[in-house]
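Please model the complete structure; the sequences and the hints are all you need to start from.
Residue numbers (this note's numbering), protein chains in the order written: chain A, 2 to 106; chain B, 628 to 1023; chain C, 84 to 249; chain D, 59 to 469; chain E, 1032 to 1192; chain F, 22 to 146.
I should point out that these hints are in silico values taken from the structure, not numbers from a laboratory.
A hint or two may mislead.
[Claimed, not checked] Computed footprint of chain B on chain F; a stretch qualifies when at least three of its residues, placed anywhere within it, have a C-beta under 8 Å from a C-beta of chain B:
1) 29-42
2) 45-51
3) 90-97
4) 117-125
5) 133-141
Small disclaimer: the values here were computed from a predicted structure and weren't measured.
Backbone N, C-alpha and C define an ideal beta-carbon position, used for all residues, glycine too.
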Amino acid sequence: MLSSSGVPLNWYLLLSAILFCIGIAGFLYRRNVITVFMSIELMLNAVNLSFVTFSYKFQQVDGHIFTFFVMVVAAAEAAVGLAIILTVFKNRKTLQVDDINSLKN
Amino acid sequence: MNFYLLTLIKVAVVAGVFLTALAYLQWIERKVLAHIQLRPGPYRVGPHGLLQPLADVIKLITKEGFIPSHVNRFFYTLAPVLAVSLALVSISVLPFGPRIEVFGIETWMQLTDLKIGVLFVLAVSAVGVYGVALAGWASNNKYSLIGGLRSSAQMISYELPYAVAIAAPLLLLNTLSFREIVNAQSGYYFGFLPRWTIFQGPFPQIISFLIFLIAGFAETNRIPFDLPEAENELVAGYHTEYASMMFASFFMAEYANMLTVSLVATLMFLGGWNAPLPLPVSGFIPTVILVLVAAICFYHGAQPYRKWDRFTFPAAGIISLGLAAIFLVPILQPILLPLFWFIAKAGILLFVFIWIRGTLPRFRYDQLMHFAWTFLFPVAMLNLLVTGLMVALFGK
Amino acid sequence: MDPFLFLLLAAIAVICALNLVVQTHPISSALSLVGVMGSLAILYLLLGAEFIAAAQMIVYAGAIMVLFIFVIMLLNAQGERLTRRGAYVKIFGVPLMALFLGLVAFVIQAALPRSEMVHFGGFTHGGPADIGRSLFTQYLLPFEVVSVLILIAIVGAIVLARKEID
Amino acid sequence: MPEVSPEISEEVSTAGTETAETRKRRLTVNMGPQHPSTHGVLRVVIDLDGEVITSAQPDIGYLHTGIEKQCEAINWSQVTTLTDRVDYLANLSNNLVYALAVEKLIGDIEIPPKAQWMRVLLAELQRISSHLVWLGTHALDLGAMSMLFYCFREREQVLKLFEMFSGQRMMTSYIRVGGLALEPPRGWHQRVKNFVDIFPSRIDEYEALLEHNPIWLERTQGVGYISVDDMLAEGVTGPMIRAAGLPWDIRKNEPYSSYDKFDFKVATRTANDVYARYQVRMEEMRQSTRIIQQALEGMPEGPWKADYQHVTLPDREKMKTQMEALIYHFKIVTEGFRVPPGEVYQAVESPRGEIAYYVVSDGTSKPYRVFMRTPSFGNVQSIGTLLKGKLIADSIASMGSMDFVLGDVDR
Amino acid sequence: MLPEPLRDYAPAVALEELNPAMIVGGHADRGEPTLYLNPDHLLEACQKLKERFAFIRISSVTAVDRYPEEPRFEVVYHLHSLENNARLRLKCQVGGPAPAVPSVTSVWSGANWYEREVFDMFGVEFRDHPDLRRILMPDDWEGHPLRKDYPTHGHKYSYKD
Amino acid sequence: MPNSYPEVYFPVVVQAVLAFVIAVALSSLSYLLGKRTRDKVKDSPYECGMVPVGSARERFSVKFYLVAIVFILFDIEAVFLYPWAVVYRELKMFAFVEMLLFIALVLAGFFYIWKKGALNWSQSD
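Written out as structure tokens, the structure reads:
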């Protein structure tokens, strides 16, 4: 019952591409720094899916390791990135990307 | 027998038992607390208040399901659903006993055994933060928001010592599957000392066990870590704006988590269903205990403190005697003995949960956070490193 | 069963991802992202990546997104206002995006044989032991470098956030 | 997906344009009047900066029943029943201070020693029961649930003693102008003795539960400091001030009702924190037990009310035999007794601190003015000073250590 | 001139020396010394009593309505000296359509609520009081309940909502 | 006995569905069964019986954020511990030294935070 036909590998990669594109769209459209940041996380996730899919294709565990490292980097990035957002918010009192496009006030 | 049919039956049985256990855990807690506090506790509904949980449920579901208009409706309703469903999922990977044979069907007393069982439990508890954070945020009320924020900060802070405390015994056991974890703890040193991880060489995991329990108390928001729902400065914390069954859902989740923590502690540290003594001796212990219980019941029945005790206590005594007899049936022993030990160990841990609630005051918030970060976490790390060193040096 | 599961989860993931982009309130976006991560975790599982699936839930959903939600609550971030730039990005952006997606799809279809199928259980070496073995032998250096990365991240984040405190 | 309530959507339009005003992390929190742990309808408006209280303003009056006004409309003896309702946890102390004030106004009335001894005994029993309520509820506030039940177990015994002599558990109205209302029933003294015999061991029990508990110590030690000068200035009295090292106890300083004939120590501590207040109250309970023991042992024989026919009701026996007694009885019951004009300020040490009645008479059978200087009023007044600059998490512990009764504040 | 019973009472003598207009009367009824002070010199007197005779506590502030006499109100202060274990009663008589006395909160901050209560109950104003508003009655209450011309059952039977 | 992946995970799916159904049922039951009345006061946020002052959407102490940051970074470390623990028997001392290095570096960060006072909650910020 459960061991049926399976799913083409391509679908996974396509899903990954679609998510990546949505991430780009969010990155471009959204004006809230935090949402922009979340769009980046979405792109990272999309890439991770590709890694894991390729890992399946080559029957090797390396893709998983890469994914794991991507997670670690994403975590570090989130920690530092959100700290920057916090500081920027403190100085500019806004989360709108347009208002914080210059390094100086 | 068809695997899927069997699975459905097992899920149904486990869910039924688990939910009943949850309802009666509440009853037991009220009774134990009441006796600690010199009062009888629930006593009106049914003999000794045994039907109280049922009455509570009926009361709660017939109360008004009120959603205030100032809340964010979607997240407000999502939060309790999330809390309860996450709390009930973990049970699917926890084993209750060894492989058994019933009516010729061979099966494990477990829904399923994952290679990543431990991580599964951790992942579920990690996501559990959302129920609390969402409830606090969606309620659009100061007390809820502060309560939710504090509660989620508390949960993530204790998540670390919790996770590290589990990692230390895994160095001895080298597996993340609960079934193998229990199997690795079977056997006895010197013929009597069980090889549970809290006794296992080269480095007994007593410190891990204590850290795990303490962090478990905090994860489940129990006294002395029940700040999120502390009934003083924050009124009722994140569930201030909740009513009726939605309100009770959080408590149900809390009890389910408490049960899960006790079961995981039993599996990880107390050898699961392994008996504390080798077989010929331990086989009689349940019978002896049940006979003792029966004797106590008969004694109290003979000297009734309340009118109905004359009937209820002897009835309980007869049931105990019956159970004692059942434990002596050789065919049933391989099924019942492991279950008995498993339930007994988890029950003792649950009793500790309740006992502590009856005894300790609660921490102040900063003390609680301070305790997690500057005591519990470093100690857990140190314990992990020492365990690692010992295993590397003296392990097999 | 496999296609059904895949399609269900893919649909959830895509809808959540779109919701992330569409919602104006950051909390809704953040929770949509949690939804994406949850469905991806199950997709990882279907691909045999048991450990990664669990790590995805623990690290991504259980930690990173909690940090996001904390920051949103902390800054009392509200829905955003629309800006003038939105208009022409919309006009040119959407077709370009569709073009890019089509290109990628074409490349994927062309590069990989279509017959290759994914079965749940087709790859069973994604357990913690396999990851551990690989991580602590083959990928030892990156593993140790990660600790440096974490150290830097800790210091950086605290230095930045302390400014807010002082 | 989430519906946006009108309030929120309003904010959406102004999002991203936060002003310096809204940036401040100020938060105003109402604590009370409907709050689980303000012990009555007290409202405290608290301004927070993060976790720190920048200002706390107590707001009272939710339980104001106009007792002082009512006192002016009824006669002297009827007022006793109203005094019960001022501080409902220490009603005998209120009875006592009123009786003492009126007796001082009358001037030449002499209270027999037995009544005085009984008054002391009752006031101390009252102190024990009041402190027990405090201990139980305070521990409950800090999360130690079981303490409440243990304390109420003993308080129940005290209330039973009250019920035994007056028929009432709380509103006893037992101490009357000129003596007592009734003679305590037979066997009552034995019951009191039984109670004080076991009570010290019960105090040990409480201490065993709390004093060896690191969480209790953490929550109470070094918490709720307020300087002695502030306390004196704000009108704080009672155990609060004694916990700061000032041995001021009206029972010692201005002895009334023969307190000078009893041997007891004024409990003081110097730490001036919640824990010190807890210790002072524990010590006071022990001292009260000692006083009760002395009162029981040295209980003088004799009448239990003054033989002063203008004020105290005559004995039943006399009423049946003497016409004059019957007339006085009739007059006192229908019209009430008259009190010579003048004014008097009488202070007594209640479980909460200085309780003082300022009674003015114009010579009629009704009081002209009864002013009640209640300890809780002064104590609650100092909440602003007490909480300022402290952690919000300590607010309950600090306020709880004051032991205020809202009936006592609002009157 | 000091009244007879207070001739030997040190605080009274000291105040009299300071300013003869300060004390307008007094008695020592039932062993409780009472000084009637001129409201204009109240603060001065209180300062002196606090500094010189260690009356560091103000036990209470209240008032008595002598309606229909005039001046109608007696504002009564009870001072307490822990050092000397002594109590002293001060009185200020005020009347007129808008009775007012200076606030003693600058001397004893604890007088704050007591003065608010007197204001609430008797309608006596306290000049320079930091926060003079009703304390026990609702903010929109009309009348001052403890005045003798205020009926015991109140002016109204229903509360405003 | 279940051996293949689908069979191993099937019970988890069933349990998850059941848990979700139970949770939804519990939450919606009282909504369906209970009586409904509404009024203005009942509908307002709980504020100890007073009219609410200010909005509930206020910002909070940055401490919460610091805790979340620290948690993220150590959570990763914790996740690394599990594969390590599983292969520990095979690698023994080698794995120990590796992890010691890793933990030492991460703990250096921890003590830095500690020294910076980010974990000190009682201190006002």
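Checked hints:
Given as covered by chain B, the segment 29-42 of chain F passes the check, having 11 residues with a CB less than 8 Å from a CB of that chain where 3 are the minimum. With 6 residues bearing a CB less than 8 Å from a CB of chain B, the segment 45-51 of chain F meets the requirement of three and the coverage assertion stands. Residue count for the segment 90-97 of chain F with a Cβ under 8 Å from a Cβ of chain B: 4. That meets the three needed, and the coverage hint holds. With a cut-off of 8 Å between beta carbons, the segment 117-125 of chain F has 4 residues touching chain B; three or more are needed, and the interface restraint holds.
Restraint check on the segment 133-141 of chain F versus chain B: 3 residues with Cβ-Cβ distances below 8 Å, three needed, restraint holds.
When held up to the earlier numbered hints, the structure conflicts with none and fits them all.
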